[in-house]
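Protein chains: 2
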Amino acid sequence: MYCIIVYDVSVERVSKVCHFLRQYLNWIQNSVFEGELTESELARIEHKLKDLIDLNTDSVIIYKVSFKEIIQKKHIGIVKNETSTII
Amino acid sequence: MYCIIVYDVSVERVSKVCHFLRQYLNWIQNSVFEGELTESELARIEHKLKDLIDLNTDSVIIYKVSFKEIIQKKHIGIVKNETSTII
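Chains as they are written, first to last, in my numbering: chain G, 1 to 87; chain L, 1 to 87.
It should be emphasised that the hints constitute simulated quantities derived from the structure, not laboratory data.
Ideal placement from N, C-alpha and C gives every residue a C-beta, glycine not left out.
Restraint ranges, calculated between C-beta atoms of paired labels, are given here: (1) E12/G - R13/L: 23 to 31 angstroms; (2) D54/G - S66/L: 31 to 39 angstroms; (3) E41/L - K16/G: 36 to 44 angstroms; (4) H47/G - V14/L: 30 to 38 angstroms; (5) R22/G - A43/L: 33 to 41 angstroms; (6) K16/G - E46/L: 30 to 38 angstroms; (7) R13/L - N81/G: 14 to 22 angstroms; (8) S40/L - K48/G: 37 to 45 angstroms.
Covered stretches of chain G, as calculated for chain L (at least 3 residues, CB under 8 angstroms): (9) 48–60; (10) 70–81.
Kindly produce the complete structure, drawing on both the sequences and the hints.
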């Protein structure tokens with residue numbers, strides 16, 4: 001499946017979250033990652049994120065679709081990192 | 001159609017971009033908006049964003065799907081703003 005993960009976490013935890021997500025996903029722009037994941041990888045990510053963030057103040061959202069082609073994606077401004085064309 | 005807009009813009013332009021997008025979409029968390037848009041609304045948004053941001057340094061990404069039910073959404077941590085259940 002294809003996932004977009006966006007996070008809004010306190011500055012002291014940003015680099016840990018970013019570093020962790022880079023192991024599984026592609027960094028797209030500040031606080032945004034994307035990529036193909038298996039169900040077990042996603043479960044591992046969710047589990048680890050719960051350790052890394054403060055569940056009372058931080059927020060992470062995982063958007064999941066069955067395959068990336070159903071999302072149309074458009075950039076305005078610079079492309080900070082593009083791994084592949086999604087239409 | 002349903003759109004998720006994420007932006008990574010310089011701090012001096014963040015409030016203008018945020019204020020503008022609030023007119024059309026729901027603020028979800030830092031630098032993330034979501035909502036239903038018509039094609040003409042999206043065209044207006046794209047046009048205005050090109051004025052508001054620095055196209056050489058800032059980045060905005062628009063993810064678009066035909067209807068929101070095809071995106072599964074999951075929160076970890078707090079829900080900063082939830083307008084409706086997507087699942």
